[in-house]
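Residue numbers (my numbering), protein chains in the order written: chain Z, 1 to 226; chain E, 1 to 447.
Think of the hints as simulated: they come from the structure by calculation, not from any bench. Quantities reported herein were computed from a predicted structural model and do not represent experimental measurements. In this text, a Cβ means the ideal position worked out from N, Cα and C, and glycines have one as well. There could be a bad hint or two in this list.
As the list claims (entries may be wrong) - DEER-style ranges, computed between Cβ atoms:
no. : chain 1 : residue 1 : chain 2 : residue 2 : range
1   : E       : Glu89     : Z       : Pro224    : 54 to 60 Å
2   : Z       : His166    : E       : Thr28     : 53 to 59 Å
3   : Z       : Asp93     : E       : Glu25     : 47 to 53 Å
4   : Z       : Lys54     : E       : Thr28     : 34 to 40 Å
5   : E       : Asp287    : Z       : Pro224    : 20 to 26 Å
6   : E       : Gln211    : Z       : Leu120    : 48 to 54 Å
Unchecked claim - Residues on chain Z that point at chain E, a partial pick, calculated with CB under 7 Å:
no. : residue
7   : Pro96
8   : Phe99
9   : Leu204
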Amino acid sequence: MATSKKMITREEWEKKLNAVKLRKEDMNTLVMNFLVTEGYVEAAEKFQRESGTKPEIDLATITDRMAVKKAVQNGNVEDAIEKVNDLNPEILDTNPELFFHLQQQRLIELIRQGKTDEALEFAQEELAPRGEENQAFLEELEKTVALLVFDDASTCPVKELLDLSHRLKTASEVNAAILTSQSHEKDPKLPSLLKMLIWAQNQLDEKAVYPHINDLSTGQLEDPSE
Amino acid sequence: MNKSNFIHKFRHSAKPYKMEDEEEESPTELNTINGLSSFVVISPDKLSLKYTGVSQHGHDVGVVQANKPAPCNRIAYYFEIYIKDAGVEGRVSIGFTTDSFRIARHPGWELNTCGYHGDDGLIYLGKRQGEAFGPTYTTGDTVGGGINYDSQEFFFTVNGTLVGTVSKYIKGPLFPTVAVHSQNEEVTINFGQEKFAFDFKGYESAERNKQQIAIEKISIPSNMSLGLVKNYLLHYGYEETFHALDLATNSTVPPINGTQEDGIEDTSYALHERKNFRQLIGKGEIDAALAKLRDCYPQLVQNDKSEVCFLLHCQKFIELIRIGALEEAVKYGRVELAKFLGLAAFQVIVEDCFALLVYERPQESNVGYFLEESQREVVADAVNAAILSTNPNNKNQLHSHLETLLRQLTAGCLELRSLNDGQGEAFSLHRLLTTTNWKRTKKTGKL
Numbered sequence: 001m002a003t004s005k006k007m008i009t010r011e012e013w014e015k016k017l018n019a020v021k022l023r024k025e026d027m028n029t030l031v032m033n034f035l036v037t038e039g040y041v042e043a044a045e046k047f048q049r050e051s052g053t054k055p056e057i058d059l060a061t062i063t064d065r066m067a068v069k070k071a072v073q074n075g076n077v078e079d080a081i082e083k084v085n086d087l088n089p090e091i092l093d094t095n096p097e098l099f100f101h102l103q104q105q106r107l108i109e110l111i112r113q114g115k116t117d118e119a120l121e122f123a124q125e126e127l128a129p130r131g132e133e134n135q136a137f138l139e140e141l142e143k144t145v146a147l148l149v150f151d152d153a154s155t156c157p158v159k160e161l162l163d164l165s166h167r168l169k170t171a172s173e174v175n176a177a178i179l180t181s182q183s184h185e186k187d188p189k190l191p192s193l194l195k196m197l198i199w200a201q202n203q204l205d206e207k208a209v210y211p212h213i214n215d216l217s218t219g220q221l222e223d224p225s226e
Numbered sequence: 001m002n003k004s005n006f007i008h009k010f011r012h013s014a015k016p017y018k019m020e021d022e023e024e025e026s027p028t029e030l031n032t033i034n035g036l037s038s039f040v041v042i043s044p045d046k047l048s049l050k051y052t053g054v055s056q057h058g059h060d061v062g063v064v065q066a067n068k069p070a071p072c073n074r075i076a077y078y079f080e081i082y083i084k085d086a087g088v089e090g091r092v093s094i095g096f097t098t099d100s101f102r103i104a105r106h107p108g109w110e111l112n113t114c115g116y117h118g119d120d121g122l123i124y125l126g127k128r129q130g131e132a133f134g135p136t137y138t139t140g141d142t143v144g145g146g147i148n149y150d151s152q153e154f155f156f157t158v159n160g161t162l163v164g165t166v167s168k169y170i171k172g173p174l175f176p177t178v179a180v181h182s183q184n185e186e187v188t189i190n191f192g193q194e195k196f197a198f199d200f201k202g203y204e205s206a207e208r209n210k211q212q213i214a215i216e217k218i219s220i221p222s223n224m225s226l227g228l229v230k231n232y233l234l235h236y237g238y239e240e241t242f243h244a245l246d247l248a249t250n251s252t253v254p255p256i257n258g259t260q261e262d263g264i265e266d267t268s269y270a271l272h273e274r275k276n277f278r279q280l281i282g283k284g285e286i287d288a289a290l291a292k293l294r295d296c297y298p299q300l301v302q303n304d305k306s307e308v309c310f311l312l313h314c315q316k317f318i319e320l321i322r323i324g325a326l327e328e329a330v331k332y333g334r335v336e337l338a339k340f341l342g343l344a345a346f347q348v349i350v351e352d353c354f355a356l357l358v359y360e361r362p363q364e365s366n367v368g369y370f371l372e373e374s375q376r377e378v379v380a381d382a383v384n385a386a387i388l389s390t391n392p393n394n395k396n397q398l399h400s401h402l403e404t405l406l407r408q409l410t411a412g413c414l415e416l417r418s419l420n421d422g423q424g425e426a427f428s429l430h431r432l433l434t435t436t437n438w439k440r441t442k443k444t445g446k447l
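Same shape as in the complex, but just chain E:
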């Protein structure tokens, strides 16, 4: 049930935010151990290859993959090769192959591979016949291959210029692949350690902008944001902020429509009390909060084993630790917290709380985050939610409207990504909020 959200947050309030992009691996060098590369010699730095076969037929291609597949938690991926020597026949190719590719053939000739070949300038997509695609390329050329996860396309460049795109028909992780197939052919590869000839950053920005521009074109009622902010402030009991904002906007900004006022009525329920509770808990005055709760909302503390009681007792315990009153904390723990030990949902937290007693400097321990301000906020939010639930007119005010919309947005974006073969930039509100210049719209003198 949703109520356990606060319990969960109490225990994990300080877990650092995991940014998925940082965890995904990326190609860094050529793979020398997967059974390919029988017909090439690879340099010690694993960024160069030279053909050593005799190229008598179509199964002695010197083909090599990167050591890791292209990461897909982003808008696009790109790498480049430099043709040091196109050798006798200039049969170099660049493309992408899958994990199961173990055959000495050019990328693109086999199913589930893709290759742009330098000797004929054609693109091969798993069929024996290639299609016209771009120019041929030879010694001295820099050729790049990329995957655009938004449009689900492969794209290739020659000497810094985009030469073409083609639909990506292969699903799953793809390995950057390069092949050589005649005497003296030698190629070096660049996985981003060196500067690219192609403006890949610009390409990514342009792709991101395409989406932004389409989004900005959508129109929303002009007071929508203000209404949502007001509802948010009321929902959480930020009374003074609400009044200040109301004052600043009432005269200049008309309400959206009739329902707005009703919405405010509902969310204003017990606004003043909720503000007071938040203030008390924010200052760590848990005893006062509990006393007030018993006075004003006895129904919430009737069941001494309720979530609200649990969180308040835990917080009181923490406050005692904070001021170093260890003996009192132990006593309090015995009287008020011990009874929760049998209950699965609460046990782990009680144990964590008791662990605080052991450390000379509890704030530096791994349960030290219990002593942070954010912990008090979780308790305040829980009390706030509990009071809201006593509203007889309430239609389940679990979330503020803003939160509901953000959840829908996140779920929607995640579903889109999942339907896109799980590829593309994952939506992250946190990243959007902490990235500046997130919106790259041109400066217009718009009103």
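Next comes chain Z alone, as it looks inside the complex:
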């Protein structure tokens, strides 16, 4: 099949760009959605005042959510669990996987602090019963307990569980669960729109020759290369 691509000059393309009807209101909404979903409370408050844009969720709930996230990031899992239940007891009730991961994180923290006895007791009472119900949980539990076996954690094959990045992973999971429980999407919309731009340009490349934006950070329009 002959694929003769449509040639669009820079002038023609710029005309099309200028013809796009973009509402400032929509762009403000996009920015507010970003601030709120990422949890930048102060910035969201200021933005509401400076632009008049209404946040899509109550800003107070962001503060609560950030407190939970922070608690997990600092290793205070018990505190985080309490806060989540204060916020909405249904979150952990309806999210057994999340609850297990939080308990697992708690276990990791006990091990990190060298509280071996307490860790074992905790694992037996709180985590073993969950492991019995669920094969995946059991495997995770066994991996975690393996940390105890090694005197020098750095030689343990599952030592990444002790990494601080694991705290971030758990924190992210909690953040997403809270957002979902508030009927809010867990990811901001802006990154998806940027990806869509790249996708659209790729799709259009198959049918037309036109000015691209290759560097998203500058938004510089580049003439089509012949």
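Once you've looked at the hints, dock chain E against the given chain Z.
Positioned in the frame of chain Z, the structure of chain E alone reads:
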């Protein structure tokens, strides 16, 4: 020139957003007036047909079209027929035809038609020879026909199951079509008023998801969004928001690359002043704004007939109306606005402004939107842009980076749609922002 954007927005700030989908018509019943249907009798509700011909040859088919063509501003279109009675020979068919189809033949036999026939289970695409496609169908079966605008294909279902797809070779609007061709054949048609046997909503969602999944796979630098938001805040002079965000992210998020800082320098030009102007205008303190402008940026108000001056004077006039100071407004209008009456670009707006004087309750009139907050924002944006234009290092900061990217995205999607015969879901940022569960990705514990 682009400058007139603000003038245009000033006049149209409150026009309700037109959602294209709502305007497109959709088939609702069978067409009884287009000269077909000579060999059928159609029920009073126009959703059933029964063959009344003698089926002696190939030109006495009882074929009927829908009253409207399938709407194409969406991912896909679908309709179903139910074979109440396959009659003596079971020669029922379902498919699509164009506006110019006026011949008593089965869909698919003529060029620019498509038909899936129940007696042989073949698909006909404008050639006398059909191709193997799906099962035959008869009394009691529910058969559906659809168009997938993304893949540009026809698809058909039998009793709720997809049986096949075929490339859509016909361009332009297409009419759902059904035909019967033997004694006692009777068919009812469903254009969505009743529940479909096929999970069409699921099919549409799956199609939408295909695209979403492909899009999500693309990777972008992790701080791109943050950088764009910061540039946006600086561009429009949202100083306090910028500082709050900067504070929250400087320690935890590294800058993208060296150029990011330069970009911030440029966009920070007169940040504090621009914030102040936005604040003043936001509170309706136009006199103060004008005075400050004369002080700090005399070059912008030198030409009293400039766009910036015009918008500020209009807004001042509006503010006077708002507090009910009609006499003062008239005086102000004479002194400051009358001179714009000769200028084409401004005349209509001046007339609209003066119209406000006439109403006892101007906010309820059709120019009432002039009194809304959004109007002040347009003026603030115009002043903001004007100040940015005084930046000696400026490389034409007409738009924030975010806006530039969104324009490219919209133009790109519109062009894609235009090259797709103008069919498929039209991109709409507004719709994406107001639809929840827009992204139907599975919950993963991704970092």
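Cross-check of the supplied hints:
1. E:Glu89 / Z:Pro224: 54 to 60 Å: holds, 58 Å
2. Z:His166 / E:Thr28: 53 to 59 Å: holds, 58 Å
3. Z:Asp93 / E:Glu25: 47 to 53 Å: holds, 48 Å
4. Z:Lys54 / E:Thr28: 34 to 40 Å: holds, 38 Å
5. E:Asp287 / Z:Pro224: 20 to 26 Å: violated, 50 Å
6. E:Gln211 / Z:Leu120: 48 to 54 Å: With Cβ atoms ~50 Å apart, the hint holds.
7. Pro96: violated, 13 Å
8. Phe99: violated, 13 Å
9. Leu204: Since the shortest Cβ distance to chain E is 5 Å, the answer is holds.
In this structure, the hints that do not hold are numbers 5, 7, 8, in rising order.
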